[in-house]
Amino acid sequence: MTDAPTFEAAQRELEEIVHRLESGEAPLDEALRLWQRGEELYRLCRDRLDAAEGRIEELASRAEAAKP
Amino acid sequence: MLATQRLGSITGRGTSLSRVKVEAIDYGDRRVYSVGAFNRGVASWLSRLPTIWVEGEVTELRRQARWASVFFTLKDPADGACLGVSMPRGQFDGLRLDLADGDRVHVYGRPELYEAKGEFRLRALSLERFGIGEHLAALERLKQKLAAEGLFAPERKRGLPFLPRRIGLVTGNEAAAKRDVLTTITARFPAANVLVGETYVQGPRAAGAVIETLGALCREPEIDVIVVARGGGSFEDLLPFSDERLVRAIAACPVPVVTAVGHEQDTPLCDLAADARASTPSMAARLVVPDLTDLLQRLDRARGGLERGTRRTLDRERRGLERTHERLERAPRLLLERGRARLEHAAGRLRALSPHATLERGYAIVRSEGAIVRSSATVEPGRHVDVELAEGGFGARVEETR
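Taken in order, these protein sequences are the chains called R and W.
Each residue of the first sequence is one higher than the one before, counting from 1 in our numbering.
Each residue of the second sequence is one higher than the one before, counting from 1001 in our numbering.
Calculated from the structure, these hints are not laboratory results.
Be a bit skeptical, because a hint or two may be false.
As the list claims (entries may be wrong) - Under 10 Å between C-beta atoms, here's a sample of chain W residues computed to sit facing chain R:
no., residue
1, LEU1136
2, THR1313
3, HIS1325
4, ARG1330
5, VAL1387
For every residue, glycine included, the Cβ atom is placed at its ideal position computed from N, Cα and C.
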């Protein structure tokens, strides 16, 4: 993956891929390629969410520590 | 030197001009006046003073039918200073004031010397009772006048700063009001910076002193709001705070003013001109600084909400992503299944087109030596042929040809 897309862009592309696959219009070869791409996008999105969650925990514990 | 001296004319009501001659007796180098001449001269001088209004309380009222005048002593309730007053009896009776000791009056008159006794007194030309009622009426007139000028208009009121850099406090040096304001400010916002201007808040000098202190505080740097506080008092005590000059000074003050003077029921006029009024000095303090503890709690709650909100967003995104992923995983299998089904369908049609299906309908295939027999000309009676049916087959011999 070159030039990592934003979470929203990745999510949008993933949804488009799913839609195309579900419509059954894609030839098998393309379908396989789309699936692979979809899995990549899914992993990318999940990594972003994991990172965001980690950041929330970090900020929350820092805020907790700052309480008088 | 002339032995006579001209003294001024008497300016009483409707009196004709007259000159008073005061004659002195010369004893060598000493000039001496008789008592009568002296009194006459002083009386003449006094009569030139302007007629004025004097306020005081009536005491020692003396009235007798055989006297031409009524006498009473006017007493200053503030310091006990006394002034004798005389008034023509007929005029006094005509007013029907029914005065009692301690009644407050306004006397219009001019100074006078009773020459026979050398007694100084005020000759009353007019007399008015001036009780609380009259006072309130006078204040009401002032209030209407200032209101008509727009001094009390709501649109003139300025908002108070959320957190003033410095707070000016105009107050008396009496403990209560000052202490109330300072304690409340410190309790609510310990870091607040208050500059105290102590001044007179009672008596005839109060209005001027408060105006002066207000001005002095305004000239200080970083003053963002000024509190004028006085811890209540009697109607008279609060009068300086209805003084027209003070009311105007508060309205014209370049920084917002909060007043905490007196009580809810009789509002001093300065309260109406102030940008905010408080019922007590500590209420004024609550208006000028926020409560730090409350502020921190609100901030804390906001932070909590921030965290909860972010977590909710994250959860929502995660659930959405998982659902999309499930669809993604299902999609190729569905595609495959659909492909398979299509294949089966094609196979079915393929099978439908095979000769077997024709045999099913009752036809048979006849082969001779492996080749399909299409014409009777290719066989002759006695020839062995193979017959294939939908199910199984058999060998046969040709009986005849047609």
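Structure-based check of each hint:
1. Taking 10 Å as the C-beta cut-off, the interface hint given for LEU1136 (chain W) is violated, the closest approach to chain R being about 53 Å.
2. For THR1313 (chain W), the shortest C-beta to C-beta distance to chain R is roughly 9 Å, which falls under 10 Å, so the interface hint holds.
3. Taken as an interface hint, HIS1325 (chain W) checks out: its beta carbon lies about 5 Å from the nearest beta carbon of chain R, inside 10 Å.
4. At a threshold of 10 Å, the smallest CB-CB gap from ARG1330 (chain W) to chain R is about 8 Å, leaving the interface hint in force.
5. The interface hint given for VAL1387 (chain W) is violated, since its Cβ lies 45 Å from the closest Cβ of chain R, which is over the 10 Å cut-off.
When the structure is compared with the earlier hints, violations turn up for hints 1 and 5 and for no others.
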